[in-house]
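Participant: Sequence:
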Amino acid sequence: MISIIKKGGYMILIFSEKYDRTTDKVIDWLIFQNKKYLRINVDEDVVSDIEISIPARKSSDDIFKISFTNGKSFALSDVTSCWYRRGGLPFLSSLIPEEKDLTNAYESDQIAKYIHRYLIKEFQYIQKYFYLLMDRKKVKIIGSFFNSSISKLYQLQVAKDVGLTIPETAILNSKELMGNIFGGKNVITKSIQDFDMAQDERLHRIYTLYVNELTAKDTEDLPNEFYYSLIQNKIEKKFEIRAFFLENMIYSMAIFSQNDPKTKLDFRRYNDSRPNRTVPYQLPKHIEVKIIQFMNALQLNTGSLDLIYSKSGDFVFLEVNPVGQFGMTSTPCNYALEEQISHFLI
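Mapping to the numbering used here: the sequence shown position 266 is 970, numbers consecutive.
Bear in mind the hints are in silico, worked out from the structure with no lab data behind them. Bear in mind that the values here come from a model prediction, so they are computed numbers and not experimental data. Watch out, some of these pointers could steer you wrong.
To be verified - Here are the simulated DSS-like cross-link-like pairs (lysine-lysine), alpha carbons at most 25 Å apart as the crow flies:
#1 Lys938 to Lys921
#2 Lys1015 to Lys864
#3 Lys739 to Lys842
#4 Lys994 to Lys942
#5 Lys740 to Lys729
#6 Lys832 to Lys817
#7 Lys841 to Lys776
Kindly produce the complete structure, drawing on both the sequences and the hints.
Facilitator: Structure (structure tokens):
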């Protein structure tokens, strides 16, 4: 997808990644509506120059302009709306000296590493200043520069505070504690933080982390002590729910993953030969109200939420990904979420 770059006038600013198909589809709608936009890919575009000016006179406008090595450029004053899909302002790597060059200049590996880290931190402060200016400018923004990754534990605490049902959760490092809290019942374990996919360059394999179940027998076989792990009680489900949140609107989809052994515990273990049935789903009003309260408490105006509808009839909140995929909800349910996002940006 080629970014439209036009000199002058106002435009929509999009932060994303080179191969993000969701961004491509939103841009297709912007092109259809003849709207100007600039797409910045954090894994492709390299900053070549930044101009920042804060005049002393109150009547003078501040200046924040950014240029890239591939010819892209924009001034913050020209931005009317912004979609923080993923990534952010790319790193100023082209202007920061290599550690080896700094070592030659200062004749010290330790000083070279310190200065290199210092220069990186300097640019990070420029990034933060840019994000603060975006908020201050009061442009329409989808997503959050500061809240793109929120602690799963904090999410659960806030969800509990607004009245959503959550799983029994603990961070443990011993078999004894697990027995005291979960009483020998089957549990699930997941990562404490989000894990980006890792790729083996030699074997071309992609690695990620899934939810795993520990039976009572599995727990018995554990060592007495282990590394800190996030443990939750296993909830028997009727189906899973993926809900996309956009400006207090909720678009939900039911995923019937429980009848397939491969996806029963984690629907992300896709079974291509037997895909899970997915249908549009309307959450009860009182659950939607609590989700809105939850998202507002986290200061998020978009995100993909995962819930379970349990066999006992409870809607159980699992987590929200502020930059999660929503194409899997948009297309099967005919929600046209990419079009909805384009309308918000215009």
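Participant: The structure should be examined with respect to each hint, and the outcome stated for every one.
Facilitator: Now the hints, each set against the structure:
{"no.": "1", "hint": "Lys938 to Lys921", "verdict": "holds, 15 Å"}
{"no.": "2", "hint": "Lys1015 to Lys864", "verdict": "holds, 20 Å"}
{"no.": "3", "hint": "Lys739 to Lys842", "verdict": "holds, 20 Å"}
{"no.": "4", "hint": "Lys994 to Lys942", "verdict": "holds, 21 Å"}
{"no.": "5", "hint": "Lys740 to Lys729", "verdict": "holds, 15 Å"}
{"no.": "6", "hint": "Lys832 to Lys817", "verdict": "holds, 23 Å"}
{"no.": "7", "hint": "Lys841 to Lys776", "verdict": "holds, 22 Å"}
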